[in-house]
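*Asks:* Next come the chains, spelled out residue by residue.
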Amino acid sequence: MEGVQLNLISKDRLDKMASMEKIRMILDEVKSGKIVVLESGLTPEEEAKLIELTMLEIDHENFVGIEVESYPQKSKGFFDKLFGKSKGRLTVIGPANRLKTLQKRDDLITALVQLGEG
Amino acid sequence: MGLIFRIRKKFGFLFKWFFKKDRMKIGIYGPPNAGKTTLANRILRDWTGDVMGSVSNVPHETRRARLREGVRIEVDGKSVTLDIVDTPGLATKIDFHEFLKYGLPEEEAKRRAKEATEGVIEAIKWLDDLDGVLLVMDSTEDPFTQVNVTIVGNIEARGLPLLIVANKIDLPNASPARIKAAFPQHPVVPISALKGLNIDSLYKAIAERFG
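Protein sequence lines, in the order shown, are assigned to chains R and V. Counting with full-length UniProt numbering, you get residues 1 to 118 for the letters of the first sequence. Counting with full-length UniProt numbering, you get residues 1 to 211 for the letters of the second sequence.
Where hints are given, some of them may not hold.
[What the hints assert, rightly or not] In the DSBU-like style, the derived pairs of lysine-lysine whose C-alpha atoms are separated by at most 30 Å in a straight line are:
no., chain 1, residue 1, chain 2, residue 2
1, R, Lys-49, V, Lys-195
2, R, Lys-16, V, Lys-180
3, V, Lys-180, R, Lys-100
4, V, Lys-25, R, Lys-100
5, V, Lys-25, R, Lys-31
6, V, Lys-125, R, Lys-49
7, V, Lys-204, V, Lys-101
8, V, Lys-195, V, Lys-25
9, V, Lys-101, R, Lys-34
10, V, Lys-195, R, Lys-16
[What the hints assert, rightly or not] Now the in silico label distances, taken between C-beta atoms and shown as ranges:
no., chain 1, residue 1, chain 2, residue 2, range
11, V, Asp-129, R, Ser-32, 18 to 28 Å
12, R, Glu-39, V, Val-58, 44 to 54 Å
13, V, Gly-196, R, Asp-106, 30 to 40 Å
14, R, Asp-12, V, Lys-204, 44 to 54 Å
15, V, Asp-76, R, Lys-31, 48 to 58 Å
16, R, Leu-115, V, Glu-74, 51 to 61 Å
17, R, Ser-32, V, Ala-65, 29 to 39 Å
18, V, Gly-77, R, Lys-16, 32 to 42 Å
19, R, Lys-16, V, Gln-185, 50 to 60 Å
20, V, Ser-54, R, Glu-2, 18 to 28 Å
21, R, Lys-31, V, Glu-118, 11 to 21 Å
22, R, Gln-103, V, Lys-195, 43 to 53 Å
23, R, Ser-32, V, Lys-78, 25 to 35 Å
24, R, Leu-90, V, Val-58, 43 to 53 Å
[As the list claims (entries may be wrong)] Under 10 Å between C-beta atoms, here's a sample of chain R residues computed to sit facing chain V:
no., residue
25, Ile-23
26, Leu-50
27, Glu-52
28, Pro-95
The set of hints was computed from the structure by calculation and includes no laboratory data. Since the model is a prediction, treat every value here as computed from it, not as a measurement. We treat Cβ as the ideally placed atom computed from N, Cα and C, and that holds for glycine.
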């Protein structure tokens, strides 16, 4: 059966993983053609690291990068800024040749997943 | 993340406030073709008579970060001296086929793609060494891109001042209001870096935000 595998990864599992472990897992899944949905997403620093590592792994033939979408952080109050730890929000990541974002607002992500090569 | 590093990050803005630098290192960030180098050139031309680099309609024209030190901006009695870093456009994907559409030969397109990936890495690394960011967005485009969300998130996490520049307001379908609605927690200044429209408002905002 032709299809695209979608991995929905729970917050509980993500919380147990170190940043680099998460990023490595995401990149490995995406490079093998899967779409990854993270329940609690990534922190902004992890998102930047994911982009950085993605750039290191791009090649001309097989992997041209990722499509990644998450909601913006909600603006935080003064005490949250002082003491709060920045948390990610739901994030969708896939290979750039398979996942296309059609629409994105602060509370909605509409994505199109293509079968086969995009 | 180490506890000391987290404390330093959380309270960094307080240290910055108490021990304000006389020179701020400001990064110009944004997606490819948002007009970052055009803006850098505009600022440098207006305040130093020089330019930062070449511009083109082919994405990823700027593939190495460029630093220009000691740019002094004076507006309404307020002044600020900036070290300006013009960064390569951030992207999550780079496909050399895109460059072929602009008429580049295949070898040059592949070389550009490779340099562009290195440029993105360099731009991300610069985030750790800045005192503030000018985030340039193309106001004819949807502002809710992952690149914009990631940059805003990183600047907020570091507690650095951020000024959003809604560029290309000279184009008919520009909508700076869409950018303001997308990122209401940050100041947004609509300009045309190419035509110089509203550029004085930007200088005023820079002096207030980074001065």
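*Asks:* Between the beta carbons of Leu-115 (chain R) and Glu-74 (chain V), is the distance compatible with 51 to 61 Å?
*Replies:* holds, 58 Å
*Asks:* Take the C-alpha atoms of Lys-125 (chain V) and Lys-49 (chain R), compute the straight-line distance between them, and say whether it is at most 30 Å.
*Replies:* Roughly 9 Å separates the two Cα atoms, so the pair holds.
*Asks:* For Ser-32 (chain R) and Ala-65 (chain V), compare the CB-CB distance with the range 29 to 39 Å and indicate the outcome.
*Replies:* holds, 33 Å
*Asks:* Does Lys-195 (chain V) sit within 30 Å of Lys-49 (chain R), going by the straight-line distance between their CA atoms?
*Replies:* The given pair, whose Cα atoms are some 36 Å apart, is violated under the 30 Å limit.
*Asks:* Look at the Cβ atoms of Glu-39 (chain R) and Val-58 (chain V) and judge whether their distance stays inside 44 to 54 Å.
*Replies:* Given range 44 to 54 Å: violated, Cβ gap about 39 Å.
*Asks:* Range hint 50 to 60 Å: satisfied by the CB atoms of Lys-16 (chain R) and Gln-185 (chain V)?
*Replies:* With a Cβ separation near 31 Å, Lys-16 (chain R) and Gln-185 (chain V) fall outside 50 to 60 Å, so the hint is violated.
*Asks:* Holds or violated: is there a CB of chain V closer than 10 Å to the CB of Ile-23 (chain R)?
*Replies:* Interface hint status for Ile-23 (chain R): violated (13 Å vs cutoff 10 Å).
*Asks:* Does 30 to 40 Å hold as the CB distance between Gly-196 (chain V) and Asp-106 (chain R), or does it fail?
*Replies:* This hint holds: roughly 32 Å between Cβ atoms.
*Asks:* Regarding the pair Lys-25 (chain V) and Lys-31 (chain R), is the alpha-carbon distance no greater than 30 Å?
*Replies:* violated, 37 Å
*Asks:* With 11 to 21 Å as the target window, see if Lys-31 (chain R) and Glu-118 (chain V) comply at their CB atoms.
*Replies:* Since the Cβ atoms of Lys-31 (chain R) and Glu-118 (chain V) sit about 20 Å apart, the hinted range of 11 to 21 Å holds.
*Asks:* Is Lys-195 (chain V) close enough to Lys-16 (chain R), meaning Cα to Cα at most 30 Å?
*Replies:* Violated. Lys-195 (chain V) to Lys-16 (chain R) sits at ~51 Å, over the 30 Å cutoff.
*Asks:* When you take the CB atoms of Leu-90 (chain R) and Val-58 (chain V), is the distance between them in 43 to 53 Å?
*Replies:* Violated: the Cβ-Cβ distance is about 35 Å, outside 43 to 53 Å.
Consistency note: the structure conflicts with the earlier hints numbered 1, 2, 4, 5, 7, 10, 11, 12, 18, 19, 20, 22, 23, 24 and 25.
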